[in-house]
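First to last, the sequence lines map onto chains Y and D. Residue numbers are given in the numbering used here: position 71 of the first sequence equals residue 71, and the series is strictly consecutive. For the numbering used here, count along the second sequence from 1 and bump the result up by 437.
It should be emphasised that the hints constitute simulated quantities derived from the structure, not laboratory data. Errors might be hidden in some of the hints.
[Said to hold, decoys possible] Taking lysine-lysine pairs in the DSS-like style, the calculated list, with each CA pair at most 25 angstroms apart, reads:
1. D/Lys659 <-> Y/Lys254
2. D/Lys442 <-> Y/Lys254
3. Y/Lys219 <-> D/Lys665
4. Y/Lys288 <-> D/Lys778
5. D/Lys665 <-> Y/Lys228
6. D/Lys778 <-> Y/Lys285
7. D/Lys441 <-> Y/Lys228
8. D/Lys560 <-> Y/Lys228
9. Y/Lys330 <-> Y/Lys288
10. Y/Lys222 <-> D/Lys659
11. Y/Lys254 <-> D/Lys778
12. Y/Lys123 <-> D/Lys442
13. D/Lys560 <-> Y/Lys4
14. Y/Lys395 <-> D/Lys656
15. Y/Lys341 <-> D/Lys442
16. D/Lys725 <-> Y/Lys123
17. D/Lys844 <-> D/Lys691
18. Y/Lys254 <-> Y/Lys395
19. Y/Lys330 <-> Y/Lys341
20. D/Lys725 <-> D/Lys652
21. D/Lys844 <-> Y/Lys228
22. D/Lys560 <-> Y/Lys5
23. Y/Lys215 <-> Y/Lys288
24. D/Lys441 <-> Y/Lys123
25. Y/Lys123 <-> D/Lys453
26. Y/Lys222 <-> D/Lys665
27. Y/Lys330 <-> Y/Lys395
28. Y/Lys123 <-> D/Lys659
29. Y/Lys395 <-> D/Lys778
30. Y/Lys5 <-> D/Lys691
31. Y/Lys254 <-> Y/Lys123
32. D/Lys665 <-> D/Lys832
33. Y/Lys222 <-> D/Lys560
34. Y/Lys16 <-> Y/Lys4
35. D/Lys659 <-> Y/Lys219
36. Y/Lys341 <-> Y/Lys288
37. D/Lys560 <-> Y/Lys123
38. Y/Lys222 <-> D/Lys691
2 protein chains.
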Amino acid sequence: MFFKKAWALGIDEPRKFFHCLKVGVALMVVSLFYYMRPLYDGVGGSAIWAVMTVVVVFEYTVGGTLYKCLNRICATFLAGFLALGIHWIASQSGHRFEPYIMGISLFILASATTFSRFIPVVKARFDYGCTIFILTYSLVSVSGYRVDHLLNVAHERLSTIIIGTCLCIITSMLIFPVWAGVELHLLIPRNMDKLATSLDCCVADYFGHDDEESKEGLKGYKCVLNSKASEESMANFARWEPAHGQFNFCHPWKNYLNIGASSRSCAYCIETLTSCLDSKNQVEKSIKNHLDSACMNLSTSSSNVIRELATSVYTMTRSSKIDIAIQDMKNAVIVLQNDLKSLPDLLIQTQYDKEKKEADSSEIIVMPLMEVIPVVSFASLLIETASRIELNLVKAVEELAESAEFKQPEDEIKANHNKTTETIVPNEENTIALQRV
Amino acid sequence: MFFKKAWALGIDEPRKFFHCLKVGVALMVVSLFYYMRPLYDGVGGSAIWAVMTVVVVFEYTVGGTLYKCLNRICATFLAGFLALGIHWIASQSGHRFEPYIMGISLFILASATTFSRFIPVVKARFDYGCTIFILTYSLVSVSGYRVDHLLNVAHERLSTIIIGTCLCIITSMLIFPVWAGVELHLLIPRNMDKLATSLDCCVADYFGHDDEESKEGLKGYKCVLNSKASEESMANFARWEPAHGQFNFCHPWKNYLNIGASSRSCAYCIETLTSCLDSKNQVEKSIKNHLDSACMNLSTSSSNVIRELATSVYTMTRSSKIDIAIQDMKNAVIVLQNDLKSLPDLLIQTQYDKEKKEADSSEIIVMPLMEVIPVVSFASLLIETASRIELNLVKAVEELAESAEFKQPEDEIKANHNKTTETIVPNEENTIALQRV
Numbered sequence: 001m002f003f004k005k006a007w008a009l010g011i012d013e014p015r016k017f018f019h020c021l022k023v024g025v026a027l028m029v030v031s032l033f034y035y036m037r038p039l040y041d042g043v044g045g046s047a048i049w050a051v052m053t054v055v056v057v058f059e060y061t062v063g064g065t066l067y068k069c070l071n072r073i074c075a076t077f078l079a080g081f082l083a084l085g086i087h088w089i090a091s092q093s094g095h096r097f098e099p100y101i102m103g104i105s106l107f108i109l110a111s112a113t114t115f116s117r118f119i120p121v122v123k124a125r126f127d128y129g130c131t132i133f134i135l136t137y138s139l140v141s142v143s144g145y146r147v148d149h150l151l152n153v154a155h156e157r158l159s160t161i162i163i164g165t166c167l168c169i170i171t172s173m174l175i176f177p178v179w180a181g182v183e184l185h186l187l188i189p190r191n192m193d194k195l196a197t198s199l200d201c202c203v204a205d206y207f208g209h210d211d212e213e214s215k216e217g218l219k220g221y222k223c224v225l226n227s228k229a230s231e232e233s234m235a236n237f238a239r240w241e242p243a244h245g246q247f248n249f250c251h252p253w254k255n256y257l258n259i260g261a262s263s264r265s266c267a268y269c270i271e272t273l274t275s276c277l278d279s280k281n282q283v284e285k286s287i288k289n290h291l292d293s294a295c296m297n298l299s300t301s302s303s304n305v306i307r308e309l310a311t312s313v314y315t316m317t318r319s320s321k322i323d324i325a326i327q328d329m330k331n332a333v334i335v336l337q338n339d340l341k342s343l344p345d346l347l348i349q350t351q352y353d354k355e356k357k358e359a360d361s362s363e364i365i366v367m368p369l370m371e372v373i374p375v376v377s378f379a380s381l382l383i384e385t386a387s388r389i390e391l392n393l394v395k396a397v398e399e400l401a402e403s404a405e406f407k408q409p410e411d412e413i414k415a416n417h418n419k420t421t422e423t424i425v426p427n428e429e430n431t432i433a434l435q436r437v
Numbered sequence: 438m439f440f441k442k443a444w445a446l447g448i449d450e451p452r453k454f455f456h457c458l459k460v461g462v463a464l465m466v467v468s469l470f471y472y473m474r475p476l477y478d479g480v481g482g483s484a485i486w487a488v489m490t491v492v493v494v495f496e497y498t499v500g501g502t503l504y505k506c507l508n509r510i511c512a513t514f515l516a517g518f519l520a521l522g523i524h525w526i527a528s529q530s531g532h533r534f535e536p537y538i539m540g541i542s543l544f545i546l547a548s549a550t551t552f553s554r555f556i557p558v559v560k561a562r563f564d565y566g567c568t569i570f571i572l573t574y575s576l577v578s579v580s581g582y583r584v585d586h587l588l589n590v591a592h593e594r595l596s597t598i599i600i601g602t603c604l605c606i607i608t609s610m611l612i613f614p615v616w617a618g619v620e621l622h623l624l625i626p627r628n629m630d631k632l633a634t635s636l637d638c639c640v641a642d643y644f645g646h647d648d649e650e651s652k653e654g655l656k657g658y659k660c661v662l663n664s665k666a667s668e669e670s671m672a673n674f675a676r677w678e679p680a681h682g683q684f685n686f687c688h689p690w691k692n693y694l695n696i697g698a699s700s701r702s703c704a705y706c707i708e709t710l711t712s713c714l715d716s717k718n719q720v721e722k723s724i725k726n727h728l729d730s731a732c733m734n735l736s737t738s739s740s741n742v743i744r745e746l747a748t749s750v751y752t753m754t755r756s757s758k759i760d761i762a763i764q765d766m767k768n769a770v771i772v773l774q775n776d777l778k779s780l781p782d783l784l785i786q787t788q789y790d791k792e793k794k795e796a797d798s799s800e801i802i803v804m805p806l807m808e809v810i811p812v813v814s815f816a817s818l819l820i821e822t823a824s825r826i827e828l829n830l831v832k833a834v835e836e837l838a839e840s841a842e843f844k845q846p847e848d849e850i851k852a853n854h855n856k857t858t859e860t861i862v863p864n865e866e867n868t869i870a871l872q873r874v
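Work out the full structure: start from the sequences and follow the hints.
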């Protein structure tokens with residue numbers, strides 16, 4: 001059972017498998033400091049710190065490794081420096097007071113650093129550094145009372161840590177690197193695609209155009225709802241990464257989080273939409289048929305906008321078709337609203353026919369509004385989803401395009417402008433027609 | 438700026454402040470192993486491991502500390518044992534092959550352990566143990582090649598780690614303990630209360646009964662949406678905690694996660710409800726007034742159910758009023774549905790009046806359905822929220838009550854049964870009446 005799961009994971013994501021081999025390789029290399037005598041004599045007995053550093057610091061993504069490495073080096077340096085300084089002050093005040101001064105300073109610094117870890121910004125960026133700061137300070141200050149060659153201890157620890165971290169950074173960056181930034185850059189459009197598929201499947205399911213495939217696609221929005229934590233940790237790690245591929249050092253990772261949040265706000269709507277699926281059979285067929293084409297059209301054009309935005313984020317290119325797609329979506333909203341407006345006509349018409357037969361009935365005409373309510377609220381949720389796409393998602397992607405300086409697809413526009421405008425629309429209609437059959 | 442934030446945090450949550458002092462105290466105590474000569478001679482130079490253990494293992498909650506302590510001890514023991522065994526096998530095969538055997542075994546074990554960390558269950562419960570396993574194995578196996586008194590190293594490391602972990606466990610459990618289980622037990626009802634307030638405020642805002650307070654309460658559902666990660670980590674830690682207070686060792690913490698998930702599913706609905714607030718002024722006053730009392734009644738009775746459930750979870754007592762509250766909510770749904778049904782009457786009535794004045798108009802009567810749609814979809818979202826409360830939240834709390842064996846409020850029922858049934862209903866009506874004025 002356990003091995004089956006592990007095997008499935010390895011087949012699914014070979015990069016995780018490579019990560020494990022990388023950890024093994026890094027540990028093997030650092031062991032050489034022990035196995036080979038000349039290297040061992042070079043750094044002395046504290047080579048153990050290099051091994052420890054590799055084990056503790058090596059993370060799946062380059063950003064994670066860099067975050068821990070830089071935190072570890074800086075915190076060790078800072079704490080070592082501080083401990084030496086306070087130790088010097090303590091030693092000036094005589095041998096008797098030394099342990100008291102060191103103890104009290106340890107207490108104050110440890111408490112203050114632990115406290116700072118509760119502050120969200122510190123927690124997100126320097127959590128590991130805080131631990132290492134307390135660790136190093138207590139190790140140096142405590143062994144300072146015993147070990148006379150204090151400078152040596154601090155120096156050796158720092159140099160072995162630097163050896164360990166350099167090894168980790170080199171291994172994680174050169175052998176099949178997994179960049180947190182790239183992961184985030186891929187995750188966001190993938191989630192947007194899932195959202196689009198969910199929306200399509202949900203509406204298709206409601207109007208009875210569903211098949212086996214759409215049953216699976218329907219659940220896609222759940223991934224979007226649950227990906228907040230992983231998006232945030234990736235963005236945190238991505239901040240530490242140097243320029244790589246299409247991303248420079250100051251790439252606006254924060255904007256990706258905004259897109260993620262906007263996707264989630266659409267996902268909330270879709271989640272509410274799916275609950276309408278339970279009541280889909282309560283609505284009379286004729287009423288559903290009346291709104292069918294407009295709803296399908298709106299969902300197709302909405303998901304088209306989402307997919308267009310996803311492609312734009314993925315390729316880091318401003319989309320030439322996005323304005324047309326948004327206009328399509330807006331038109332689809334208007335068509336649906338018109339269909340909603342004409343819904344009473346349909347109902348009253350039937351009512352009228354009845355009246356003619358019964359002739360001069362004095363009763364007040366009661367419309368079967370209750371039968372319309374489920375489909376009306378479904379339609380208005382669909383309109384709400386479209387408006388969230390337009391107001392939140394489009395805006396968030398626009399902001400990213402602005403700050404990340406997305407490429408202009410000028411050449412494409414000139415060459416393909418006429419083609420594209422002509423080809424999208426029939427394509428869309430084709431899809432609707434196909435789904436309706 | 439930084440200090441202001443820190444100060445605000447300290448005032449807000451004094452327990453966090455105590456936690457920092459606890460870390461300081463634990464570090465001071467463990468330093469005594471260094472400062473006091475008899476203790477130092479007892480454990481030898483490896484007292485440094487005790488200091489390290491305290492720094493690395495001490496967490497905010499008792500569960501977190503126990504998780505790390507147990508993981509650390511077990512992983513150290515297992516890895517040390519394994520390393521000694523393989524070292525013995527390697528030493529049998531001659532001095533020349535020893536480093537190769539040790540190196541390859543290190544590579545395989547490190548890779549396999551790193552791989553196992555990708556499996557969600559292992560990640561949740563034994564992540565720290567995996568790190569420590571690799572760490573100890575590499576330390577013992579690598580220093581095994583150099584240091585002859587290998588058994589001593591393993592033994593000293595284990596005993597100092599046990600000293601450190603015991604110190605941490607005692608400090609975290611005896612001085613102002615923060616139990617992850619209690620935190621989770623408090624968080625879930627608190628979030629439910631926020632949900633209830635949000636629902637009330639949202640509906641009050643829609644119908645124009647809002648004041649300053651309700652503007653603040655409206656945002657409460659956002660806490661519910663964002664608390665998934667913290668709920669899960671608390672439930673993870675709570676699993677490690679021994680019996681404390683009302684909770685025994687096998688308390689069903691998983692059920693709390695279910696309640697959290699159900700709260701979130703209600704929060705998605707409320708999130709969609711709040712988006713209706715933008716369109717609240719589009720609806721004609723007369724139509725809104727028609728549904729006002731029914732909607733307010735439904736929101737009050739729904740939030741009453743949520744609060745009743747929250748109290749039940751908080752006090753770990755089955756609620757005697759919950760059935761009445763659910764019935765109230767169901768009745769409110771029926772009233773709202775009836776009001777929706779009679780909505781066309783209202784509209785057609787006005788239409789009729791017009792007709793009488795114009796006399797014998799042959800035009801088809803067109804109902805202003807578009808004007809009704811916003812309020813109709815608002816009402817149906819409200820009904821959906823109520824149904825989610827009934828289907829998900831009530832069920833989840835019921836399951837918790839079942840598995841955690843909530844107390845029966847039998848005495849209360851017998852004594853106050855007549856009283857309570859009489860007092861709730863007028864109270865509720867009072868609130869509605871007050872809000873309407």
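Results for each hint:
no.: 1; hint: D/Lys659 <-> Y/Lys254; result: 20 angstroms, holds
no.: 2; hint: D/Lys442 <-> Y/Lys254; result: 23 angstroms, holds
no.: 3; hint: Y/Lys219 <-> D/Lys665; result: 19 angstroms, holds
no.: 4; hint: Y/Lys288 <-> D/Lys778; result: 19 angstroms, holds
no.: 5; hint: D/Lys665 <-> Y/Lys228; result: 10 angstroms, holds
no.: 6; hint: D/Lys778 <-> Y/Lys285; result: 20 angstroms, holds
no.: 7; hint: D/Lys441 <-> Y/Lys228; result: 29 angstroms, violated
no.: 8; hint: D/Lys560 <-> Y/Lys228; result: 18 angstroms, holds
no.: 9; hint: Y/Lys330 <-> Y/Lys288; result: 21 angstroms, holds
no.: 10; hint: Y/Lys222 <-> D/Lys659; result: 17 angstroms, holds
no.: 11; hint: Y/Lys254 <-> D/Lys778; result: 48 angstroms, violated
no.: 12; hint: Y/Lys123 <-> D/Lys442; result: 14 angstroms, holds
no.: 13; hint: D/Lys560 <-> Y/Lys4; result: 17 angstroms, holds
no.: 14; hint: Y/Lys395 <-> D/Lys656; result: 22 angstroms, holds
no.: 15; hint: Y/Lys341 <-> D/Lys442; result: 54 angstroms, violated
no.: 16; hint: D/Lys725 <-> Y/Lys123; result: 48 angstroms, violated
no.: 17; hint: D/Lys844 <-> D/Lys691; result: 19 angstroms, holds
no.: 18; hint: Y/Lys254 <-> Y/Lys395; result: 14 angstroms, holds
no.: 19; hint: Y/Lys330 <-> Y/Lys341; result: 16 angstroms, holds
no.: 20; hint: D/Lys725 <-> D/Lys652; result: 20 angstroms, holds
no.: 21; hint: D/Lys844 <-> Y/Lys228; result: 37 angstroms, violated
no.: 22; hint: D/Lys560 <-> Y/Lys5; result: 14 angstroms, holds
no.: 23; hint: Y/Lys215 <-> Y/Lys288; result: 20 angstroms, holds
no.: 24; hint: D/Lys441 <-> Y/Lys123; result: 17 angstroms, holds
no.: 25; hint: Y/Lys123 <-> D/Lys453; result: 14 angstroms, holds
no.: 26; hint: Y/Lys222 <-> D/Lys665; result: 13 angstroms, holds
no.: 27; hint: Y/Lys330 <-> Y/Lys395; result: 15 angstroms, holds
no.: 28; hint: Y/Lys123 <-> D/Lys659; result: 21 angstroms, holds
no.: 29; hint: Y/Lys395 <-> D/Lys778; result: 39 angstroms, violated
no.: 30; hint: Y/Lys5 <-> D/Lys691; result: 23 angstroms, holds
no.: 31; hint: Y/Lys254 <-> Y/Lys123; result: 17 angstroms, holds
no.: 32; hint: D/Lys665 <-> D/Lys832; result: 19 angstroms, holds
no.: 33; hint: Y/Lys222 <-> D/Lys560; result: 21 angstroms, holds
no.: 34; hint: Y/Lys16 <-> Y/Lys4; result: 16 angstroms, holds
no.: 35; hint: D/Lys659 <-> Y/Lys219; result: 22 angstroms, holds
no.: 36; hint: Y/Lys341 <-> Y/Lys288; result: 14 angstroms, holds
no.: 37; hint: D/Lys560 <-> Y/Lys123; result: 21 angstroms, holds
no.: 38; hint: Y/Lys222 <-> D/Lys691; result: 20 angstroms, holds
Taken one by one, the earlier hints fail for this structure at numbers 7, 11, 15, 16, 21, 29, listed in ascending order.
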